[in-house]
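Number of protein chains: 2
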Amino acid sequence: MIDEGAAWARIDALARPHRSLGMLETLAVRLAVIQQRLDPVTRPRCVVLFAADHGVTAQGVSAWPSAVTGAMVATIAAGRASSNALARAHDCALRLVDVGVAAALVGPSPDFYRAAAVGPGTADLSQGPAMTVADFDRAWAVGSDEARLAIAAGNAVLIAGEMGIGNTTSAACLTALLAGISADEAVGRGAGADDAMMSVKVAVVAAAVARVAGGDARGAIAALAGFEIAAMAGFYAAGAAAGATVLLDGYVATAAALMAERLAPGSVRNFIAGHRSAEPGHGAALAKLGLEPLLEWGMRLGEGSGALVALPLLDSAAAIIGDVALLSELGG
Amino acid sequence: MIDEGAAWARIDALARPHRSLGMLETLAVRLAVIQQRLDPVTRPRCVVLFAADHGVTAQGVSAWPSAVTGAMVATIAAGRASSNALARAHDCALRLVDVGVAAALVGPSPDFYRAAAVGPGTADLSQGPAMTVADFDRAWAVGSDEARLAIAAGNAVLIAGEMGIGNTTSAACLTALLAGISADEAVGRGAGADDAMMSVKVAVVAAAVARVAGGDARGAIAALAGFEIAAMAGFYAAGAAAGATVLLDGYVATAAALMAERLAPGSVRNFIAGHRSAEPGHGAALAKLGLEPLLEWGMRLGEGSGALVALPLLDSAAAIIGDVALLSELGG
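Sequence lines, in order, name chains A and B. Under numbering that gives the first Met the number 0, the first residue of the first sequence is numbered 0, with each subsequent residue one higher. Under numbering that gives the first Met the number 0, the first residue of the second sequence is numbered 0, with each subsequent residue one higher.
Everything labelled a hint here was simulated from the structure, so no lab data went into it. A virtual CB, placed ideally from N, CA and C, is assigned to each residue, including glycine. What you were told as hints is all true, and nothing was included just to trick you.
Residues from chain B that face chain A, not an exhaustive set, calculated with beta carbons under 10 Å: (1) Leu13; (2) Trp63; (3) Thr74; (4) Ala86; (5) Arg87; (6) Ala277; (7) Arg299; (8) Leu300; (9) Ile319; (10) Asp322; (11) Leu329.
What follows is a list of derived Cβ distance ranges for each label pair: (12) A:Ala133 with B:Arg42: 48 to 56 Å; (13) B:Asp183 with A:Glu291: 26 to 34 Å; (14) A:Gly59 with B:Glu295: 36 to 44 Å; (15) B:Ala114 with A:Arg42: 31 to 39 Å; (16) A:Ser108 with B:Gly4: 36 to 44 Å; (17) A:Met0 with B:Arg268: 49 to 57 Å.
Bound conformation, chain A alone (with noise of 0.2 Å):
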């Protein structure tokens, strides 16, 4: 069993003065107990990215259109968007699930894409339910499905990014509910919404959860959620609980997060926050997980970017406790 204590004593073991890498040196060893190994591994990895539509863009939410979702997961498919550019740089398989997107993919789809849609997008949460709880629990299951299509094929770390225009309506929607904040401190501008688009998304997520808080809580998480988020939520839970390291993007990512915690508690034990993003309401999701960010970059693009960007911080994290000489090695 590695503890704290025993890595910290690694650490403290090695050739360098005493606590001299500050955060590198904590990451280290909250990767030595996620992984119970002293020498911990960062290779192979990947990032899932999933994506679906929302019907509560039909309230003007969002800068964007429900359509610029399925431009971009066609970006995506072609390798050309921010998420390929980073996961190539830093030697990361990329998979695309599409979990509910309106627009079919067209052309041809690679490899790495696949085609899991539970429906053409949710219905619009400021309505009714954004899902039924048999919807949300199928999307669930995609996403689990592929954490362990990722452990299977060796890898150590695991990332979840998405792609769903709306979809910071849905975050704020569950991280009001999950970290108890209101909807004025969850709410932030996503990819871009005005002040009235603004005043809009916080009555829209003010009036959502007050409809669904006090019930059941798979229901109320379901009646707010993306198809693309509960996935990630499955795809963390999943991935936890098989012993992964799995490393977290930013604020809709830390809602699924939330999601994962509530409904499959311990789960954040195995979580890294890559960053901290631009969005107001990502900090007390955090705080609620009782997690510290890499990075405080301003980064709010989502696709799993952030944490593609910390990523490499990870790979230096395990070099300096796995790769370096003990001091009791040297001068003998």
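Chain B: place on chain A using the hints.
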């Protein structure tokens, strides 16, 4: 000519929401301007570690004896130090240059080792000049040669690191002199000085800086420097002059960067600050250079370690400006 405006125009034409990657985009712009290309490159890259001893250790300013410099040089030569592990993790070539280590390297020297000692360590800077101006020029030339070699080998990103017990005392003197801060502000615990050592260190720094201030700049710098710090300054200046991207490490490295900028003005245009260390004077040194650090992780090891941890952040930045579709290419 690629100025910041041209680089931001490229960023803003990419297929993602406006300014959605925060500091990563700022870093991408800096890379593009340094390299004068909209698809900046970060490979191949190398770290050159310069090692030397310091006569000022006779004053009891360090928690470690001078002999540790030689022991750590041997550990680096054996490929087993933190810097080796981090360089391996990030596909970064490593060179080790003895610019003035008192102890001879015992055992076989690896291909990546170069013996170029200017002397067996500096004189005690508390008693008189640490080195002559002629020796300063020799050490500087060792570093500038290394930069030219690294560039000739095709390296796009250059990192310098250091090993030298006592060198945070020299760095504090240089930072006080060149950034205009007091000895109190410039002195930190280095590799682990206790309170008594700290008092001595502050007194030594204050007296040495007072002694040389007002004289000729090169003479004053030589009187306070270390051989490895002078070599780093030459490395930085020559790297910048040749157009390379120069990634800075911690406090000692930034003292060398201040020297480079003082003696070869304009060098700073090619510098990127990898991190802000736990040493209290580091922030003032970076501010004097007008640089924002990428990470603030409380690292204080030296050996190029902080720059190596930050290095893959440059890979991400290069990827998100150079390897992503333009909005104008989509949906056409």
